[in-house]
Amino acid sequence: MGSRNWSWLVVALAVAGCSKDKAEGPRASGDQGPPQGPPVEAVLTHAPQVPPATGRRAPARVQVELEVKELSLPISEGATYTFWTFGGEVPGKFIRVRQGDTVEFTLKNAPDSKMPHNIDLHAVTGPGGGAEATFVAPGMTATFNFKALNPGLYIYHCAAAPVGLHVANGMYGMILVEPPEGLPPVDREYYVMQGDFYTQGKYRDPGEQVFDFEKALDERPTYVLFNGAEGALTGDRALTAKVGEKVRLFVGNGGPNLVSSFHVIGEIFDRVYSEGGSTVQHDVATTLIPAGGAAIVEFTAEVPGTYNLVDHSIFRAFNKGAVAQLKVSGPENESLFSKGHLPAAGEQARAGSAGVPPRSAP
Amino acid sequence: MSAGRWWLWALLIPGVALAGPQRVQLGPDTYRPLFPPAPGEEVQTVAAFRLDVTPVTNAQYLAFVKEHPRWQRDQTPGVFARPGYLSHWEGPTTLGPQVEPRAPVVRISWFAARAYCQARGGRLPTEAEWELAAAASATEKDARSDPAFTRQILEWYGQPSSLPVGKVGQGRPNLYGVEDLHGLVWEWVLDFGNTNLGQDSRGGGPNAASFCGAGASATGDKRDYAAFMRVAYRSSLKANFTLGNQGFRCAADVAPQERP
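Top line first, the protein sequences correspond to chains A and B.
Residue 137 in numbering that gives the first Met the number 0 sits at position 138 of the first sequence, with consecutive numbering throughout.
Residue 107 in numbering that gives the first Met the number 0 sits at position 108 of the second sequence, with consecutive numbering throughout.
The set of hints was computed from the structure by calculation and includes no laboratory data.
Treat the hints with care, since some could be wrong.
[Unchecked claim] With the Cβ distance kept under 8 Å, some of the chain B side facing chain A (calculated, not the full set): (1) 23; (2) 159; (3) 231; (4) 236; (5) 240.
Keep in mind the model is a prediction, meaning the values are calculated, not measured.
All C-beta atoms in this analysis are idealised placements derived from N, C-alpha and C, irrespective of residue type, glycine included.
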């Protein structure tokens, strides 16, 4: 609850004028001049990991290389699907740059690919988001450059024909453009991306599953998944945090069809960068993430336990796979959360002195 | 004399079967392109033509490069074939034990394929000819609205090309007697750049607007995803590309006096 109290202070400051001026005044141009220093090779990560903060204070020339691979991977227990991937997994590798950076982007298409592919990065200002410049046949490579003019969290996806099929096969990922000053430090950062999948078999049918065109057209997914597979982020593969740690989730939605009502059961987001933009919303339980969109959510893990991340269009969570988990370990704090009747008044005072002050005494 | 008769004899003599193309005659007919070149041209006429029953094999192409050394992989300049041309063969004039002689030749450029067909008294099929032949199932002339037919094609397009390419002529011939149009390799067509989706399939050039209002309404069949994927694939090609899952077959004109 402590962080929630602080959040009211932030709102108060905003009303007093500080943030408001920033929002309404002229914005600094994202073009901060030519890149400085030697080229930097971007650190790319598979989900749920996130590359470290760039830590840069000047625009750089950043080299990013992604290879498209068509691979049969597990979609559920005992079931596989031939995904089309940016970097070998769904979602694609996470890219992190800084506003003002010049990104030299190379897209490779693996020689054993069946199809041509390309990439449309929503962080790009320019035709097709790079799609035209990166359209590559199997075994070929293409490079283009863009300046990251706007800060924010953006998705990228394949835009080769038929676009819907390429996206339905898992061709999406995310790129974070840090603001010049970077994001405030937190203890944990994770990368979670939702997508809907359409197979001719039923939910959890075993064996290799094949794309179902009719279901995709009718927007009737067989699976709705976080990070490309049922169970990608549950059990032993759950996200982890310790009590007291600040957690930041970069959450994207590749679609192709569904909008996500993203919620962490038992948590309240202290801060949400709605739609991945610069406006921070406070005290949100469920945030809407459009297909082809993203959000940054932040909260402090205060009570130990297992927290389920869901699309709160809830049949998707319980019947189509849209569940991930965050396991928070650490000491119980019964003043925040406990079972049964509260202890007698004398006992309660002792419990209160152990940690966070009672809510009635701000 | 029917076109089918002589090659039945050829089958009895393996050497001849490898050397001589087995062609069947198709058309004249009409073809409805996915992206009509212009309003009012939704239906194109396809004159009678002959088409190879199967894609050109490694063995057939090996015989060709022995006859035409300039198309051996160490003789062919990069403008006509990128590095990688026939790189799966053991040597410029040897297949080696890893290469199946009866599998379709791949890692072949458009220039090389065209030269082969010319040397064999033919040419590459046009996109319209190829699509006309490829629309037929074993029982139907135009099976594109048959879900089972379409599903099989889409399943193949959905799989990576990592498996070794199989031998030609192992599947079921279609209504015209043509085999392996689907499920083995991508195939060059003469005018592969004819329907260019543009590099970004969602807008742009005259044929490109597959997802925009005008273009979508002009599309022959918006749900013919298989044809759509072939067009997308062809749009990504350049004539000197030598891709690992691309082969070809030849076609030939039918002389006017022969036409039905």
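Would the stated hint for residue 236 (chain B) survive a check requiring a Cβ distance to chain A of less than 8 Å? holds, 6 Å
Do the numbers back the hint for residue 240 (chain B), that is, is its least Cβ distance to chain A under 8 Å? With a closest approach of 6 Å, the residue 240 (chain B) hint holds.
Hey, does the residue 159 (chain B) contact hint survive, CB to chain A under 8 Å? Hint on residue 159 (chain B): holds, closest Cβ of chain A at ~4 Å, below 8 Å.
Given residue 23 (chain B) as an interface hint, is the shortest Cβ-Cβ distance to chain A below 8 Å? Where the cut-off is 8 Å and the nearest Cβ of chain A is about 27 Å from residue 23 (chain B), the hint is violated.
Taking 8 Å as the limit, does the beta-carbon of residue 231 (chain B) come near enough to a beta-carbon in chain A? holds, 4 Å
In terms of the numbered hints stated before, the structure departs from hint 1 and from no other.
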